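*Asks:* One-letter residues, chain by chain:
There are 2 protein chains.
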Amino acid sequence: MAYLNENYLKLKAGYLFPEIARRVKAFTEANPEAAKRLIRCGIGDVTEALPDAARAAMHKAVDELGDRNSFRGYGPEQGYDFLRNAIADNDYKARGIHVDADEIFISDGSKCDTGNILDIFGSDNKIAITDPVYPVYVDTNVMAGNTGDADESGAYAGLHYLKCTPENGFVPEIPSEPVDLVYLCYPNNPTGATATRAQLEAWVQYARANGTIILYDAAYEAFIQDPEVPRSIFEIEGARDCAIEFRSFSKNGGFTGVRCAIVVIPKGLMGKKKDGTKLAIHPLWSRRHSTKFNGVSYIVQRGAEAIYSPEGKAQVTALIQHYMGNAKLLVEACTKAGLQVFGGVNAPYVWVGCPAGVTSWQMFDKMLNEANVVITPGSGFGSAGEGFFRISAFNSRANVEEVCRRIAIL
Amino acid sequence: MAYLNENYLKLKAGYLFPEIARRVKAFTEANPEAAKRLIRCGIGDVTEALPDAARAAMHKAVDELGDRNSFRGYGPEQGYDFLRNAIADNDYKARGIHVDADEIFISDGSKCDTGNILDIFGSDNKIAITDPVYPVYVDTNVMAGNTGDADESGAYAGLHYLKCTPENGFVPEIPSEPVDLVYLCYPNNPTGATATRAQLEAWVQYARANGTIILYDAAYEAFIQDPEVPRSIFEIEGARDCAIEFRSFSKNGGFTGVRCAIVVIPKGLMGKKKDGTKLAIHPLWSRRHSTKFNGVSYIVQRGAEAIYSPEGKAQVTALIQHYMGNAKLLVEACTKAGLQVFGGVNAPYVWVGCPAGVTSWQMFDKMLNEANVVITPGSGFGSAGEGFFRISAFNSRANVEEVCRRIAIL
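Going down the list, the sequences are from chains A and B. Using our numbering, you'd call the opening residue of the first sequence number 10 and step up by one each time. Using our numbering, you'd call the opening residue of the second sequence number 10 and step up by one each time.
Please keep in mind that the hints were generated in silico from the structure rather than gathered at the bench. No experiment lies behind these values; they were computed from the predicted model shown. A couple of the hints might just be wrong.
No copy labels: a pair is met if it fits in one copy or bridges any two.
To be verified - The list that follows gives simulated cross-link-like pairs (lysine-lysine, DSS-like), each with its CA atoms no further than 25 Å apart:
1) Lys322 to Lys21
2) Lys276 to Lys21
3) Lys34 to Lys276
4) Lys21 to Lys281
5) Lys21 to Lys287
So here's chain A without its partners, still in its complex pose (with noise of 0.2 Å):
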């Protein structure tokens, strides 16, 4: 009979956000009434529409595919060379970074590929991840043995934690120790935190001196609103000697559906194998993408290759423009409320400690009972998220003046 991979049996409760869905569910089930009011806070997930540039083009490409003359089949499992140059263009060039079009990899969505990219590392790396965290990153790393079992915290061993807390702004110190890989997000999911030039400088300073590999998730890139803020790892001196960025159109373009995202490897990266010969990384993920994936769809990428029109920027800025405003609504009413508020400043998400005494998830069951709000349990992310709750940005702007209602009162 065949083995199974065990590792998976590792695995705590559930993936954070079926737990949630399946505590709402049963409140719903039970308070059918309650349940009519209820709004979403939880998920980070899109509400409003998606951008008419990105519509438009799909329409045409589905109308291509229609036609015998027009039509395509397997594209490049890299991604199609209009949307490589596209992004290359304007999220890089544009902004004085160097980036080739051929070191970007088209994906369906950042959650696969944060995954997928330790098919192409070994064993026995140190591994370093933040407390909280995307708990994407942690369950990949335990579905591929890289660590033990998990603690009563829910820590696994083998994994190195950074906490990430109000004392250090929600950016790890740098380790004392040389690690292999670090995931890094910012802005952050889930605290809403944004690291500064100097931060990032000092990571990728580490990062060569150590031979540590920078997984850097730049996700939430768009909602940055202060100029100063750095929007990719590579505007940092020497990180395309050490970093590997991950980028998304889910919170840009809404596209949390319609499945794009993007991965950056720089050729000149390196990683080693266990006699010490270095080797490139770039053609090992090339094949990993040419041997198990067959491309995004073509409909999609030129979608997402119309978020770079004119149209599509002013209608991305648009949406930015809107679930930013719900963010700083949110963050005076929680204030106001007298809680202490993170986040919501570049970042779509606001990061808000409990009141004293109350746990994360005790406060998820206040505010699904109470306040008939889902929001998400700051412990879900890891130990160091116990005692905070993320409330996403992502809604109505009624629905986001409904909870601040709703908190004023709690």
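Since the structure of chain A is already known, use the hints to place chain B on it.
*Replies:* Below, chain B alone, put in the same frame as chain A:
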């Protein structure tokens, strides 16, 4: 410095189709005039327009996303119920096959699925593949560390190769020893062979007796013309205890550029832990989908659903008839040319013996240089494919007729 997955270094020269692309590119650059008459019958990529029903459904879905009231963000990772139900009803229930909707997982491609499925299996499994074989099964096992190095013939240590030859009708004999996983693909890529009910019954009997899991790739089931040939492994009694089935919309609906596929895992299917404890496989794959995948584009899932509408079915039937008409012409032309011909009757691939003393790659080069036709060299699918080549029937009728003329005068 981070350790890399050295298993990637065991991979041979590059995935077959990129190698073909490189040779074609070199030819095209060296012979710009001859290149104008090049006809591609290499990669199994569809050429005809997407069915109208699928296009109409995708247009509608794009517009739904353009209205915030009908907007959809993240969908269920395992796929929308509307599509899972359509598949269960039409592909299975309507044929008297027991597959529940929640045993169906929607993905963006069978290439991804057949590669990713290894994530949930442990190490130390005995893995059998046919020879010749779809290269992805082999390469993904190499990448996962399930093999040793390749020998001179390209065979990897640790894999059990099951020879498929004209003598056994390209359906391998049942192994004399137990294996844990076996990949079977019928209608077969590359040989175009099908397995009879009796042959599949023997495989299921073997699998149940030995605790083997059959990874059954039915991506080409829509091309089966003979009502006696099984379209699903689950038509065979007992298969729910020993099989996972892969299906795709790539070849029936022409979705190679649109991206949608299916994995079916019966809820009772079991694997085991190292200590012998039995475990259900379905929850592991479900967890993988939740953690490393974010569902297929909503637009694409609506397109796939439309394939099951009355119009969609009629349009798919017309597409299949077109390609199978091509296959018939190719079979006739190769037979007339005195070549040994297989497949092309219940599959869109024609598998042809090279003239005596000519290797597969020599035949590839000859066809490219003299006939200006791109075929796929049989040896690219494994050492037992040496001496054969594959012609894909995915083309326009005019192109196929021209290929037939060129074969006649070769």
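*Asks:* Give a verdict on every hint.
*Replies:* Now for the hints, and whether the structure bears them out:
When the C-alpha separation of Lys322 and Lys21 is checked against a cutoff of 25 Å, the pair qualifies neither within a copy, at 41 Å, nor between copies, at 43 Å. Taking the shortest Cα distances, Lys276 and Lys21 sit within 25 Å of each other only across copies (21 Å), while inside one copy they are farther apart (37 Å). In this assembly of identical chains, the alpha carbons of Lys34 and Lys276 lie at most 25 Å apart only when taken from different copies (23 Å versus 47 Å within one copy). Within a single copy, Lys21 and Lys281 get their C-alpha atoms only as close as 32 Å, which misses the 25 Å cut-off; across copies the closest is 20 Å, which meets it.
Taking the closest pair of Cα atoms, Lys21 and Lys287 come within 25 Å of each other only across two copies (20 Å); inside a single copy the shortest separation is 36 Å, beyond that limit.
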